[in-house]
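Based on the hints, put chain Y in the right spot on chain W.
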Amino acid sequence: MGRKRIRLIEIAHARSGDKGDAGNVGVIAREDRFYPVLVQELTPEVVKKHFEGICLGDVDRYELPNIGALNFILHNTLGGGGTVSLKNDAQGKTLSSAMLRLEIDIDEQLLEG
Amino acid sequence: MSTTIRIASGQGFWGDLIDAPYHQVTRGPVDYVMMDFLAEVTMSIMQKQKLRDPSLGYARDLPGQIARMLPHIMEKNIRVITNGGGVNPIACRDAIFREAEKQGIRGLRVGVVLGDDILDSIDALASQGIELRNMENGADFAAIRERLVSANVYFGAFPIVEALRQGAQIVITGRTTDTGLTLAPMIHEFGWAADDWDKMAAGTVAGHILECGGQSSGGNFLGDWKSVPDLAHIGFPIAEASPDGSVVITKHENTGGLVSLATVKEQLLYEIGDPREYITPDCIADFTSIRLRPDGSNRVLVSDIKGRPATPFYKVSASYHDGYAAFGTLTYAWPDALEKARAADAILRTRLADLGCVFDEIRSEFLGLDSCFGPLATIPDEINEVVLRTGVRGKDKGHVARFGQELAPLILTGPPSVTGFAGGRPKPSDVIAYWPALIPKTAVTPTVLVEEN
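These protein sequence lines are chains W and Y, in that order.
Its first residue numbered 1, the first sequence is counted upward by one per residue in the working numbering.
Its first residue numbered 1, the second sequence is counted upward by one per residue in the working numbering.
Chain W extracted, bound-state conformation:
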């Protein structure tokens, strides 16, 4: 079976926001069959590495199998948080898009469905 390298956006969508100086990124499988791929590929370590230089703290991951989604908390990410931060994206609104650039390997058959 062939494997294919894709960007996460092909199999998932996302929404992000702020929780103090932490960003939250919810990642949702576009189809139920992609949820196990998210669980396997998007480990906290992989996400931490992806956000190197952006997320300066730990990454926590939570599973929501009921809606086929993962929730990530990226600690120490927003330059001090909403009101203190000097960032253009002080509230982490585009962390969702940044997450969806992450590249993963996926089974081609699974991708085609």
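Hints in this document: simulated from the structure, not taken from any laboratory.
Remember, predicted model here, so these are calculated numbers, not experimental data.
A hint or two may mislead.
Here chain Y is said to cover these stretches of chain W; the calculated rule only asks that three of the stretch's residues, wherever they fall, bring their Cβ under 8 angstroms from a Cβ of chain Y [claimed, not checked]: (1) 4-16; (2) 37-50; (3) 82-91; (4) 95-104.
We put the CB at the ideal spot given by N, CA and C, even for glycine.
Same frame as chain W, but now just chain Y:
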């Protein structure tokens, strides 16, 4: 006991679409409209407004919005619940009464919820041994006591329920949880017990879906934003709640936007932490129990929600003064746009250092290239233009002001092909920082007043 009630989201933040609540009461049937105005630091802005003018300190759009809705809410017996009272719910109520009188409307019952504002009782609370440590980093409250700007307790649904019980047509609160605004009418209409945790959680989840207005009905939808029809006329979400705790999320017919599994999922995940522990004053909701099913066009059924007992604490949202900040931008054009912007940034930093200006932070971003993605950004070979955006933050207002004076001179004394300096020198603004804490529920008591004009 009612069958189902329709609770409409009318406002997702202070500054949202002004006409949204009016459209909710005129474009189709609703029983309640909830309007959320308060983000974490909104109270500090309102506290400052109240200091300047004791008759202010609430969402100033609100009386006008209510005025426009009044004939409809009187005729159709719609009730409005909002936390737009900010730090002055009484003044907000009085402004609404004045609007009612202008229209010749008498006998309007308006309820206010008071007691969340603990700014004036902070020392008394401290003397009772209440610490108000920062719940994120454990820091001692004494570190910010002298710089405190606002301090409010997040109340839940029950003070609103009491106002509804006393016949209030409009309920104005200060710092009430966003979710409590939606849960309250369900408790009132369905007679749910306060310790029926699954029901408390059901109303809380419905509230979480409604609290950001159009963000659950197609706005800011990353799933497939091009598929969302007619965002210009977006219909804000409506929760059709049943006594058994199930809720259908929908919107009025003939409005734009989209309510789908995907739009609701995105909103469920917005700004949550551990999904098994969504903590409010009313319960702990378990977001991993939520079941979503399609229920026709622009209808999503939300059910099976589990909850656990509430904690013995209220959350406190305090804010304090933490220095000054200023921001400025300059636009650099091809050729070498990015190199020029980087050089300008370096020159600016050198000049500020030579002047002895000290900041907690200087941050420069290149808008159009990396302000969203930082090190993840891919930089194209040929850049037409880039905006240098520099911000400084520090304790010395003079140093922050000097930054504002040093930016424009870069146009004549720095790299070429630069423009976009409009609006004058960046001025220092107050930095108001956020201080979350916990307080025992026994230490504060909500007060409910319902009066008729």
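Checked hints:
1. 4-16: holds (count 3)
2. 37-50: violated (count 1)
3. 82-91: holds (count 7)
4. 95-104: holds (count 5)
When each numbered hint is compared with the structure, a violation occurs for hint 2 only.
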